[in-house]
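Number of protein chains: 4
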Amino acid sequence: MSGDSFGRIFRVTTFGESHGPGLGGVVQGCPPGIPLSEEMIQKELDLRKPGRGPSSTRRKEEDRIHILSGVFEGRTTGTAIGFYIPNQDQRSRDYSAIRDLYRPGHGDFTYDAKFGIRDHRGGGRSSGRETVSRVAAGAVAQEFLKTLKIRVTAYTVELGGVPARTVNPEAAQDNSFASPDPDILPSWENLVQEVKAQGDSLGGIVEVVADNLPAGLGQPVFDKLDARLAYALMGVGAVKGVEIGSGFAASRSKGSQNNDQMGKEGFLSNNAGGVLAGISSGQTLVVRAAVKPIPSIARTQKTMTRHGTETEISIGGRHDISAIPRIVPVLKAMVMLVLADMVLLQRAVKP
Amino acid sequence: MSGDSFGRIFRVTTFGESHGPGLGGVVQGCPPGIPLSEEMIQKELDLRKPGRGPSSTRRKEEDRIHILSGVFEGRTTGTAIGFYIPNQDQRSRDYSAIRDLYRPGHGDFTYDAKFGIRDHRGGGRSSGRETVSRVAAGAVAQEFLKTLKIRVTAYTVELGGVPARTVNPEAAQDNSFASPDPDILPSWENLVQEVKAQGDSLGGIVEVVADNLPAGLGQPVFDKLDARLAYALMGVGAVKGVEIGSGFAASRSKGSQNNDQMGKEGFLSNNAGGVLAGISSGQTLVVRAAVKPIPSIARTQKTMTRHGTETEISIGGRHDISAIPRIVPVLKAMVMLVLADMVLLQRAVKP
Amino acid sequence: MSGDSFGRIFRVTTFGESHGPGLGGVVQGCPPGIPLSEEMIQKELDLRKPGRGPSSTRRKEEDRIHILSGVFEGRTTGTAIGFYIPNQDQRSRDYSAIRDLYRPGHGDFTYDAKFGIRDHRGGGRSSGRETVSRVAAGAVAQEFLKTLKIRVTAYTVELGGVPARTVNPEAAQDNSFASPDPDILPSWENLVQEVKAQGDSLGGIVEVVADNLPAGLGQPVFDKLDARLAYALMGVGAVKGVEIGSGFAASRSKGSQNNDQMGKEGFLSNNAGGVLAGISSGQTLVVRAAVKPIPSIARTQKTMTRHGTETEISIGGRHDISAIPRIVPVLKAMVMLVLADMVLLQRAVKP
Amino acid sequence: MSGDSFGRIFRVTTFGESHGPGLGGVVQGCPPGIPLSEEMIQKELDLRKPGRGPSSTRRKEEDRIHILSGVFEGRTTGTAIGFYIPNQDQRSRDYSAIRDLYRPGHGDFTYDAKFGIRDHRGGGRSSGRETVSRVAAGAVAQEFLKTLKIRVTAYTVELGGVPARTVNPEAAQDNSFASPDPDILPSWENLVQEVKAQGDSLGGIVEVVADNLPAGLGQPVFDKLDARLAYALMGVGAVKGVEIGSGFAASRSKGSQNNDQMGKEGFLSNNAGGVLAGISSGQTLVVRAAVKPIPSIARTQKTMTRHGTETEISIGGRHDISAIPRIVPVLKAMVMLVLADMVLLQRAVKP
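Chains as they are written, first to last, in my numbering: chain A, 38 to 388; chain B, 38 to 388; chain C, 38 to 388; chain D, 38 to 388.
A few of these clues could be false.
Copies of the same chain are indistinguishable here, so a pair counts whether it falls within one copy or spans any two.
Here are the simulated DSSO-like cross-link-like pairs (lysine-lysine), alpha carbons at most 30 Å apart as the crow flies [to be verified]:
1. Lys86 - Lys186
2. Lys387 - Lys186
3. Lys80 - Lys233
4. Lys387 - Lys183
5. Lys183 - Lys301
6. Lys86 - Lys183
7. Lys183 - Lys339
8. Lys387 - Lys80
9. Lys339 - Lys233
10. Lys186 - Lys233
11. Lys186 - Lys301
12. Lys339 - Lys301
13. Lys186 - Lys80
14. Lys233 - Lys183
15. Lys80 - Lys301
16. Lys183 - Lys80
If you're looking for bench data, these hints aren't it; they were derived computationally from the structure.
Turn these sequences into a full structure, and let the hints guide you.
Rendered as structure tokens:
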């Protein structure tokens with residue numbers, strides 16, 4: 038069905054499973070003449086690769102991008118950009134023990150219910166590995182957005198319930214948690230070690246911001262900018278909540294507190310997170326996603342087989358302790374895909 | 038653009054502004070043979086009308102549904118269902134004072150930025166009044182879902198930061214706050230009176246649940262069931278956050294706490310909120326939306342005119358204190374639209 | 038399903054049956070600031086009304102347009118334009134005799150097969166009456182195209198196998214057959230009288246041309262400009278064939294004859310009909326549609342009832358002898374809808 | 038933009054140019070559990086390869102399919118099917134002479150107008166080579182349709198104005214013109230030799246039929262089955278006309294001749310080509326496409342460069358004399374894609 042595509046004009050369609058030959062996709066609607074190379078995309082893919090932080094496994098998973106079409110002499114041609122990332126490290130045998138087991142917190146049960154057939158090796162299409170295609174497509178969007186000076190940044194604002202106390206987006210580029218607060222790193226590292234020792238896992242909250250966004254992006258009613266962002270982020274596996282600007286806190290404030298008043302220079306605050314009535318206001322866009330703890334844990338859990346037998350499961354091995362920080366570039370990519378699309382839609386009809 | 042349509046197979050397209058002749062829409066993809074009458078839709082519209090609760094104005098706003106096509110002898114024919122709700126109470130003069138003012142928290146500024154032209158009377162297309170079409174379309178979806186015994190319920194779980202302490206969805210039908218906790222009503226009523234006296238407004242949190250949902254709804258990757266729900270709910274004006282199941286709390290729990298283990302009878306908990314890997318699990322679907330306080334307040338706020346002059350604004354008159362409870366049937370409608378669509382998509386390809 | 042919508046950015050969604058309360062639709066994606074009034078649309082609707090020519094019945098069918106949204110102070114606002122045309126002349130009793138009969142050449146049989154339920158009064162959703170919404174939406178597109186000096190014209194190039202011998206599009210505005218050849222009118226009138234006397238009906242061929250189209254419209258691969266045009270025109274009831282430029286004749290010519298060579302001033306011929314590799318070339322767009330004879334005829338035909346009984350049918354009364362000329366503004370409207378959409382898509386990504 | 042995708046539920050998205058690394062695509066919406074292998078797809082690709090007939094060049098162009106996802110243990114999983122066909126025979130130098138020339142009848146001029154940048158090597162995205170992805174996707178559709186016993190066949194009914202005099206679809210499988218009339222082969226072969234000697238090229242007409250189609254496929258109004266077919270076929274490069282059933286001939290017949298009357302056993306004729314009011318009737322589906330002569334010819338033609346200089350061009354080398362028969366499996370593939378999609382849409386809402 039259409040669930041493998043995202044976007045209306047700037048649109049990506051992806052394919053691929055964790056244990057097939059590879060993953061990839063097609064980016065449609067990228068304007069012609071945008072500089073694009075495999076290196077540009079590779080840089081973003083490298084941010085997603087495992088082993089970036091203490092919460093990651095040491096699995097060697099080299100994601101090498103191949104651009105298959107749509108780029109000629111270093112620039113986009115305006116036609117479909119096909120791309121491919123071969124799988125390197127499949128090791129199907131790792132997963133044979135769980136062939137008939139429903140791993141708690143995973144899609145094993147629901148995929149069986151939906152399709153009646155399932156590639157049990159590592160989650161198949163439901164594997165987090167599909168996000169490599171999102172990041173690749175997002176990297177294309179990024180090159181387009183760069184030509185408009187729009188800049189999107191993402192970082193971890195909370196890990197396992199411990200929030201960053203300061204937010205310096207620049208700082209997030211330099212550490213293994215994508216933390217905007219270097220001072221919180223020791224606490225987070227301790228937390229990860231502790232939870233790892235317990236055979237357990239952690240979640241967190243990621244914030245994505247976009248600067249230099251023009252006012253006027255988004256559509257009235259169903260395709261509000263924030264609606265598209267929520268759609269984009271909630272579609273990333275492990276995300277269980279999305280909020281814009283003051284978000285859930287807005288529901289506990291009063292109108293006089295939450296409204297962003299205006300002065301001569303424009304808005305005097307940004308509780309709206311850069312979106313008013315679903316349309317960008319020209320302020321910084323601010324969106325956050327709540328990421329659940331990785332469901333694959335070493336601790337023993339009750340579960341059942343696909344044949345209905347009760348049993349127990351302990352998922353050892355090379356699993357991450359947290360989707361953070363690997364999910365950070367994925368969420369950033371999704372925001373870039375939304376913005377590229379909204380920019381083009383607005384171009385189409387702008388007065 | 039396509040922002041006035043929602044859904045892939047079961048799909049609604051709406052039109053209308055607060056101060057034009059009326060609002061309405063077209064529902065496509067409703068299967069043939071479903072019993073449908075204007076009364077069935079009217080019942081849902083009446084839940085949305087003002088004056089249901091102490092937080093509402095006394096504006097008389099009779100929303101009378103007219104089915105214009107797609108129903109023959111009391112049943113849907115499978116063809117497009119056109120519907121129309123004439124505007125009754127337009128009183129454009131109420132709004133003339135704000136013709137050139139940007140009301141804080143409203144879309145006045147962003148609509149001007151986007152379109153360069155704006156129906157200033159009551160917000161035009163950005164008015165909450167557009168939700169009447171969502172409720173009408175949702176009522177059609179509801180009749181279809183009823184034939185499958187799927188039942189969707191919505192209620193207020195928090196008002197102005199004060200949570201309901203118990204959740205009995207049945208109880209929510211009988212009171213003016215759509216509260217599932219009758220004992221919290223006095224506190225909420227006091228809070229509303231207090232805030233009204235301050236010329237201020239309140240937000241809250243609404244929960245929507247769906248029972249008897251089959252496992253298998255939702256698509257992998259971008260069109261996960263929770264992604265579609267987040268898209269649907271975040272697109273409702275005033276919603277600033279959406280979460281599924283344990284939501285933001287999941288980000289603060291550990292895998293061993295958040296995973297829903299399984300026993301012989303199925304899942305032993307429902308932190309997932311009925312969605313695993315984006316596909317319904319057959320458990321109760323649980324989704325929540327954070328609603329910001331109504332931006333129209335009597336208290337004086339700084340703002341600017343469209344000509345760039347600084348000024349102040351106080352919005353008196355007949356405005357609600359909170360979007361709750363009027364937003365409750367709107368959010369319920371959006372969930373029903375998502376579910377009807379997902380049921381049909383699954384029918385198309387199920388093995 | 039999505040079959041009631043057409044277009045990607047400039048997009049219309051319609052509803053309505055011949056014997057319900059009325060018909061209408063929603064136009065999305067029309068840029069803001071375009072002058073638009075009910076009169077502008079009414080003018081196009083009047084071209085479609087019955088009684089324009091000798092091939093038409095004298096049925097009084099006043100199609101009065103009501104714009105319900107999206108226009109403010111005489112200009113489009115950029116938001117959804119809802120419109121409505123009430124049915125005036127329903128007389129359901131005329132159709133009661135054919136309740137259970139499958140009229141040859143009509144959709145009675147196939148609608149029963151598809152939906153299992155059918156509004157038998159006058160064809161329901163399959164009635165040619167649905168085209169009134171296409172004409173209304175096309176009139177909106179026309180006002181947008183006018184701002185770009187793009188002009189679309191349609192006329193009859195063949196009636197009942199008798200071709201117009203000259204083509205002067207201007208002349209087509211002044212006669213009841215939309216004939217671009219005034220000299221052919223007596224032959225066509227005689228033909229109509231003759232066929233009417235036989236209780237039979239006629240088809241024909243309609244040509245639609247667009248002038249001043251910019252080069253560059255259309256998308257590679259599936260959404261070629263000619264593909265979208267074929268989609269648009271073949272979707273009009275009674276159309277059984279579509280061709281672009283030299284069309285079917287191209288299949289019988291040689292490359293050296295069919296290729297449009299180029300000189301200093303551009304193309305030296307226009308066999309391509311203004312479309313090369315699916316993209317507009319800046320030449321005049323030329324497309325033709327083959328219209329089958331009206332299936333409702335007075336002559337006795339064999340048919341069956343929905344219960345499988347063989348029987349005969351003679352459809353007397355007030356039916357047209359030919360879909361021409363009423364279909365002419367419908368086909369023109371469809372071409373305008375395609376062009377408006379393609380212009381906006383090109384605006385979105387043009388370098 | 039969205040022009041690289043086709044279909045609503047059963048949906049293909051393609052990418053690739055004649056001179057890049059390769060071509061491919063993604064098939065979404067294929068139901069799970071359908072037997073699928075690379076061999077099944079390869080068989081269809083082989084029907085499209087050059088050198089099948091006297092009208093083809095001897096270029097060696099091995100199109101080897103690689104399935105990258107969506108198939109597990111020989112069956113579709115219901116998730117996205119990625120596929121890839123590497124380019125083997127690129128020889129970019131062949132095209133260097135035409136870098137700045139606009140080849141008559143090709144998209145060189147219009148692609149420049151649209152994108153401002155163009156991969157001049159062999160047409161880039163406008164190359165007929167893109168159809169390899171259509172055939173691959175169509176082969177997937179075919180395997181799905183087989184499970185429903187729906188069978189689609191395509192053959193050449195006219196070459197260079199010389200029609201086949203009999204139509205035996207089985208016979209078309211065995212000869213190099215896909216001719217359903219073995220007796221016409223000598224005439225066609227002579228014609229090809231003659232035209233080849235003139236340095237010229239030929240067009241023709243291809244017919245596609247589908248048997249055992251259920252009644253009820255197609256949507257009212259814009260997505261009629263014939264509209265989708267016209268859209269699908271006209272989108273194939275070189276197609277300039279499409280007709281259903283009696284097609285253009287219907288426009289010259291009378292209602293009493295063109296209507297398909299019904300008897301006890303059903304329809305007594307099939308002028309409708311299996312589609313009534315846009316919905317399949319259960320009769321054989323019959324659709325024809327007019328194919329223009331190949332524009333690349335050895336004969337000298339006038340043209341201009343992208344810098345506006347008049348010049349002449351003669352395209353020698355290894356070009357086909359006609360798109361027939363290589364276009365035959367492409368057109369068949371497009372019809373299968375439409376039918377697979379329409380079957381799934383009908384499944385979704387059928388009563």
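Hints, verified against the model:
no.	hint	result
1	Lys86 - Lys186	within (27 Å within a copy, 45 Å between copies)
2	Lys387 - Lys186	both (19 Å within a copy, 18 Å between copies)
3	Lys80 - Lys233	within (29 Å within a copy, 52 Å between copies)
4	Lys387 - Lys183	both (20 Å within a copy, 17 Å between copies)
5	Lys183 - Lys301	within (29 Å within a copy, 39 Å between copies)
6	Lys86 - Lys183	within (23 Å within a copy, 42 Å between copies)
7	Lys183 - Lys339	neither (49 Å within a copy, 34 Å between copies)
8	Lys387 - Lys80	between (34 Å within a copy, 28 Å between copies)
9	Lys339 - Lys233	within (20 Å within a copy, 51 Å between copies)
10	Lys186 - Lys233	neither (41 Å within a copy, 44 Å between copies)
11	Lys186 - Lys301	within (24 Å within a copy, 41 Å between copies)
12	Lys339 - Lys301	between (61 Å within a copy, 10 Å between copies)
13	Lys186 - Lys80	within (19 Å within a copy, 47 Å between copies)
14	Lys233 - Lys183	neither (39 Å within a copy, 47 Å between copies)
15	Lys80 - Lys301	neither (41 Å within a copy, 47 Å between copies)
16	Lys183 - Lys80	within (15 Å within a copy, 45 Å between copies)
In summary, the numbered hints that this structure violates are 7, 10, 14, 15.
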